[in-house]
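Asks: Spelled out from the first residue to the last, the chains are:
There are 2 protein chains.
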Amino acid sequence: MNQSPPPPLPIAPTAAVLVIGDEILSGKVEEANVAVLARTLRPLGVLLMRVVVVMDDIDTIVREVRDLSKAHDWLFTSGGVGPTHDDVTVEAVSRAFNVRVVSSPPMEAMLRAHYRERCTAGHLRMALVPEGAALEVTAEVAWPTIRFENTWLLPGIPEVFRMKIPVVVARLKQSLGDERGHGFVSHAAYVKMDEGELKPLLDCVVASFPDVAVGSYPKWLDPSYKTKVTFDGRDDARVLSARDAFVASLPAGEPQRVD
Amino acid sequence: MNQSPPPPLPIAPTAAVLVIGDEILSGKVEEANVAVLARTLRPLGVLLMRVVVVMDDIDTIVREVRDLSKAHDWLFTSGGVGPTHDDVTVEAVSRAFNVRVVSSPPMEAMLRAHYRERCTAGHLRMALVPEGAALEVTAEVAWPTIRFENTWLLPGIPEVFRMKIPVVVARLKQSLGDERGHGFVSHAAYVKMDEGELKPLLDCVVASFPDVAVGSYPKWLDPSYKTKVTFDGRDDARVLSARDAFVASLPAGEPQRVD
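Protein chains in written order, with our numbering: chain P, 100 to 358; chain L, 100 to 358.
Treat the hints with care, as some may be off.
Which copy is meant is left open, because identical chains are indistinguishable; a pair holds if it fits in one copy or across any two.
As the list claims (entries may be wrong) - Subject to a maximum C-alpha distance of 30 Å in a straight line, what follows is the list of computed DSSO-like cross-link-like pairs (lysine-lysine):
| no. | residue 1 | residue 2 |
| --- | --- | --- |
| 1 | 318 | 127 |
| 2 | 169 | 272 |
| 3 | 291 | 318 |
| 4 | 325 | 169 |
| 5 | 291 | 325 |
| 6 | 127 | 291 |
| 7 | 127 | 272 |
| 8 | 291 | 169 |
| 9 | 127 | 325 |
| 10 | 325 | 272 |
| 11 | 318 | 169 |
| 12 | 291 | 272 |
None of these hints come from the bench; they were simulated from the model.
Modelling step: build the complete structure from the supplied sequences, incorporating the hints.
Replies: So this is what it looks like as structure tokens:
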């Protein structure tokens, strides 16, 4: 336990999410996109550091986009990209980066082809993008995903948000290049001891493995265990060593299981 | 539609939530408390304006508690109140308000009575509070809920978080006093038109009812309707008028239903 830890891996690329929507803050709709994105970023080795949820207020969104895009390698917005009055994300991102809102000719053409004689001015609003935005597509997802520099504009509807994930993954893998292969890994031990009893054992493994994040989560109403102890990091061998050192420190009869 | 709107109600008391937890940002656990709190605050007339999710980093939490507690009438933290190394909320809130962390004698006595000879230093950490904190209890919830000035320290475990809600409601009702009776109300219309087609009708009702928040939410894969249009405000009669004006503007065959 006294051996010095290996040199740390390069600091992970970081990310933030800005969730835009009165409907989340009023409790009308349960937020469902952050967890999906978190689980997408983790194995890529991108550290999601911050999530902010704000109302459909353009000045607030402009300020958040500016701050979050500067402070993180990637920013993902969720929501506010439809055609109606409460969809202000494209305008807010444009203002945040000091560019104009323009209609994208290829997106406008796709909308006209899709809606044909039913196509309204409202539908055509879905072709608006910040001037200079990249339109990200893959072979499977033809409708473009809008990215301006490090800021992705993702839709709030969970089914549509999920359709964009392969596009994000493809682009991030490209940009991460050599840093790939350092995705986060996670292991866990499940014990019947409670957190109060575990504290000295946790303090010990935390001190011995500064490069491994140790978390403990009480479980209610589950007869098979009382606390889940998690071990997270970018070096699988170190994470497993931390878990096994913790397991070796437990009294007889523990753990209930590991994974 | 050209009558002027009634004088606006007093601006709602505002609230923010600070969710503390690596486990949410890593996607290991889905956040489940914000929607519960949002639905609790809404009928009380308290406007939830902002949610921030951060890692278990004490400096970050201190900064957020300072900013959010100043900018809103109420702040609710979720998570980080257990006995282990990653539970730093009590210390962070104490630092944010420049007070010491102290052990609460009544909470310590309750812990000793509960754990008896099994009681560890770890268990006793659950009696730590910011010096000067209020310990909120009700007849039904005997274990105190910690509040420091306008900042509530709520637990992250969803089952325990929910147990605290009646305590929050009782205290907020007390403090709101005369402002009660102005809780937010919500009505909706469900239509088969899409957002692009609805845009001019929505713009019209938005312009005519500046005191009613109008939202539109596309529904995927539901044959009974395509868009849910919501009407929210603090004056039930105005909210219903807005919904009915919108419904009257729809073409034949719409809406599919209202609520």
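Asks: Please go over all the hints and tell whether each is borne out by the structure.
Replies: Against the structure, the hints:
1. In the homo-oligomer, the alpha carbons of residue 318 and residue 127 lie at most 30 Å apart both inside one protomer (28 Å) and across protomers (14 Å), since each shortest distance falls under that limit.
2. When the C-alpha separation of residue 169 and residue 272 is checked against a cutoff of 30 Å, the pair qualifies only within one copy, where the shortest distance is 21 Å, while the shortest distance between copies is 41 Å.
3. With identical chains, the CA atoms of residue 291 and residue 318 are at most 30 Å apart within one copy only, with a shortest distance of 10 Å there and 44 Å across copies.
4. Taking the closest pair of Cα atoms, residue 325 and residue 169 never come within 30 Å of each other, the shortest separation being 41 Å inside a single copy and 37 Å across copies.
5. In the homo-oligomer, the alpha carbons of residue 291 and residue 325 lie at most 30 Å apart inside one protomer (5 Å), although the nearest pairing across protomers, at 48 Å, exceeds that limit.
6. Taking the closest pair of Cα atoms, residue 127 and residue 291 come within 30 Å of each other only across two copies (20 Å); inside a single copy the shortest separation is 37 Å, beyond that limit.
7. Only between protomers do residue 127 and residue 272 lie at most 30 Å apart by alpha-carbon distance; the minimum there is 22 Å, versus 35 Å within a single protomer.
8. In this assembly of identical chains, the alpha carbons of residue 291 and residue 169 never lie at most 30 Å apart, being 44 Å within a copy and 41 Å across copies at closest.
9. Taking the closest pair of Cα atoms, residue 127 and residue 325 come within 30 Å of each other only across two copies (17 Å); inside a single copy the shortest separation is 33 Å, beyond that limit.
10. Neither within a single protomer nor between protomers do residue 325 and residue 272 lie at most 30 Å apart by alpha-carbon distance, with minima of 38 Å and 35 Å respectively.
11. Taking identical chains as interchangeable, the C-alpha atoms of residue 318 and residue 169 are never at most 30 Å apart, the minima being 38 Å within one chain and 34 Å between chains.
12. Proximity of residue 291 to residue 272 under the C-alpha cut-off of 30 Å is found in neither arrangement, the shortest distances being 40 Å within a copy and 40 Å between copies.
When the structure is compared with the earlier hints, violations turn up for hints 4, 8, 10, 11 and 12 and for no others.
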